[in-house]
Amino acid sequence: MSTDRLLEFDDVVARYEPVFGLETHVELGTASKMFCGCATTFGAEPNTQTCPVCLALPGALPVANATAIEDTIRIGLALGCRIATWSRFARKNYFYPDIPKGFQTSQYDEPLCTAGHLDVEVDGETYRVEIERVHLEEDTGKNLHVGGATGRIHGADHSLVDFNRAGIPLVEIVTRPVPGVGAKAPEVARAYVAELREILLALGVSEVRMEQGNLRCDVNTSLAPVGSLEWGTRTETKNVNSLRSVERSVRYEMRRQAALLDDGVRILQETRHFHEDTGSTSAGRSKEEATDYRYFPEPDLVPIAPDAAWVEQLRAALPELPAARRARLREEWGLSDTEMAWLVNADALGLVTDTVAAGADPADARKWWLGELSRRAKDDGVELAELAITPAQVAELCALVVAGTVNDQLARQVLDGVLAGEGSPQQVVDSRGLAVMGESDELGAAVDAAIAGAPEVVEKVRGGKVAALGALVGAVMKETRGKADAATVRRMLEERVLG
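Going by the UniProt record's numbering, the first residue of the sequence shown is number 1, and it counts up by one from there.
Derived by calculation from the structure, the hints in this document are not laboratory data. Accuracy of the hints is not assured; some may be wrong.
[What the hints assert, rightly or not] Derived lysine to aspartate or glutamate pairs resembling EDC-like cross-links, with alpha carbons at most 20 Å apart: (1) Lys184 - Glu195; (2) Lys238 - Asp263; (3) Lys101 - Asp292; (4) Lys238 - Glu132; (5) Lys367 - Asp347; (6) Lys367 - Glu339; (7) Lys142 - Asp119; (8) Lys465 - Glu494; (9) Lys238 - Asp4; (10) Lys184 - Glu125; (11) Lys238 - Glu211; (12) Lys142 - Asp98; (13) Lys184 - Asp218; (14) Lys238 - Glu276; (15) Lys184 - Glu130; (16) Lys184 - Glu17; (17) Lys238 - Asp98; (18) Lys184 - Glu236; (19) Lys367 - Asp379; (20) Lys238 - Glu187; (21) Lys367 - Glu331; (22) Lys378 - Asp277; (23) Lys142 - Glu121; (24) Lys367 - Glu383; (25) Lys478 - Asp408; (26) Lys367 - Glu312; (27) Lys238 - Glu172; (28) Lys184 - Asp98; (29) Lys101 - Asp300; (30) Lys478 - Asp448; (31) Lys460 - Asp408; (32) Lys184 - Asp10; (33) Lys184 - Glu121; (34) Lys101 - Asp162; (35) Lys465 - Glu422; (36) Lys367 - Asp408; (37) Lys238 - Glu270; (38) Lys184 - Asp11; (39) Lys184 - Glu23; (40) Lys465 - Glu479.
Can you build the whole structure from these sequences, using the hints too?
Okay, here's the thing in structure tokens:
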């Protein structure tokens, strides 16, 4: 548990100006690794997707993956970057057990893409995040620390290394520092990663499943007194792997650093670990500078010189990007800017779009995802997309409501069954007997019982107080456990009570 003293967030932003920056690592979805032909299948048995090249055995030479280069350029184009006419790989020298070569093949002073930007919207205001560079490199292997309580090396009995991930194409997207956002810094950071993720999905270059490590963020945060002409010393929180955690890490570091600065303590430039369970960070190691990595050009790979005509072909073939898609859907669905912002902020736009594509009315799809399903996700402490229900199943639920098979009250019970893994909405309706009760002898008996049980209400209705009929409708609905169709119940009561 963290023992850091934290300043209240409102006090932080009253006295300090935050600056954040993000280094986002994206595993590309290529069939083979960056410099060899090994497969990239997630979850394979450890060390079964390796070869002499990605294990750095003597005499093995790399060959660059053309698809990875193309995907990187497409990412750069989608972010409005300049595409280099000449680029090359470099060796980034550092020793970790999960880097078999003793260096990482990356890019340094000649990246593929530079000088882009991404606009994000938070609470109706647009913030521009400048992109410094988009470069291509290889991922590392994975260390598995066994025997400890935290999964980290401290306290572990021993460590294992899985090289399956070593050499998978990895794109790093580096922002410039983002000042001037004040109290919105945590939310703008989250919105940036969310928008970037949507772009990557639209491009089809990665699955960007953060829980599998396809998308990982290093979050840089610093504080300086309001009005200061110099930025503060930054910390870098490593490998943050969810949208919520990006926001929480910025917020925590702001509060932690502010408390230290208030106490006259110098902020150390260091890496930090983020703890999902507490939302806190803890110290890692002192932060290296570029000179510590002793970069030099990779002698075993030729430079990359993208042809201008080819780059323009890639630009022309880009798919509809998320901002343009939102504008189109807002028009097609007749939404206000605020209503579209609700969908985006709830991370529900893709879910609603897929639900509509599966046959649901846009208004119905929005109602369920932003209403009942959002409430359940919040109660469970999970992202909306992590609920055990698919857009196709929500569309099926909407169709059952439209057809009158279930009403909204019964539909919530159907959701219970689907989320519990009992099958599709129709299967849950059948197995639980949740279909709406139409006009029948059973319903007629419930209506008669309600009339017989409330003679004083019947007299009020017959005396002209027709609104009192609602009490009888409620009694029937209670008796039928919400299965009766309310309109049918009202009609049957009117026929019996008012003749």
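We went through each hint and held it up to the structure:
1. Lys184 - Glu195: holds, 16 Å
2. Lys238 - Asp263: The given pair, whose Cα atoms are some 26 Å apart, is violated under the 20 Å limit.
3. Lys101 - Asp292: holds, 17 Å
4. Lys238 - Glu132: The hint holds at about 19 Å.
5. Lys367 - Asp347: holds, 14 Å
6. Lys367 - Glu339: Holds, because 11 Å separates the two Cα atoms, which is no more than 20 Å.
7. Lys142 - Asp119: Between Lys142 and Asp119 the Cα gap is close to 34 Å, so the pair fails against 20 Å, i.e. violated.
8. Lys465 - Glu494: holds, 12 Å
9. Lys238 - Asp4: holds, 18 Å
10. Lys184 - Glu125: Judged against 20 Å, a Cα distance of about 10 Å means the pair holds.
11. Lys238 - Glu211: Roughly 15 Å separates the two Cα atoms, so the pair holds.
12. Lys142 - Asp98: holds, 6 Å
13. Lys184 - Asp218: holds, 19 Å
14. Lys238 - Glu276: holds, 12 Å
15. Lys184 - Glu130: holds, 16 Å
16. Lys184 - Glu17: holds, 11 Å
17. Lys238 - Asp98: holds, 16 Å
18. Lys184 - Glu236: This hinted pair holds, its Cα atoms lying about 19 Å apart.
19. Lys367 - Asp379: Cα-Cα ~18 Å, so holds.
20. Lys238 - Glu187: holds, 18 Å
21. Lys367 - Glu331: holds, 18 Å
22. Lys378 - Asp277: Holds - the C-alpha atoms of Asp277 and Lys378 are around 16 Å apart, at most 20 Å.
23. Lys142 - Glu121: Distance of about 35 Å is beyond 20 Å: violated.
24. Lys367 - Glu383: Holds - the C-alpha atoms of Glu383 and Lys367 are around 17 Å apart, at most 20 Å.
25. Lys478 - Asp408: holds, 15 Å
26. Lys367 - Glu312: violated, 41 Å
27. Lys238 - Glu172: It holds: about 13 Å lies between the C-alpha atoms, which stays within 20 Å.
28. Lys184 - Asp98: violated, 37 Å
29. Lys101 - Asp300: holds, 13 Å
30. Lys478 - Asp448: holds, 14 Å
31. Lys460 - Asp408: violated, 29 Å
32. Lys184 - Asp10: The hint holds at about 11 Å.
33. Lys184 - Glu121: Between Lys184 and Glu121 the Cα gap is close to 11 Å, so the pair holds against 20 Å.
34. Lys101 - Asp162: Roughly 14 Å between the alpha carbons, so the hint for Lys101 and Asp162 holds.
35. Lys465 - Glu422: With a Cα-Cα distance of about 45 Å, the restraint between Lys465 and Glu422 is violated, given a limit of 20 Å.
36. Lys367 - Asp408: holds, 11 Å
37. Lys238 - Glu270: Holds, at about 10 Å.
38. Lys184 - Asp11: Satisfied, since the Cα-Cα distance of roughly 14 Å is no more than 20 Å.
39. Lys184 - Glu23: This hinted pair holds, its Cα atoms lying about 19 Å apart.
40. Lys465 - Glu479: Roughly 23 Å separates the two Cα atoms, so the pair is violated.
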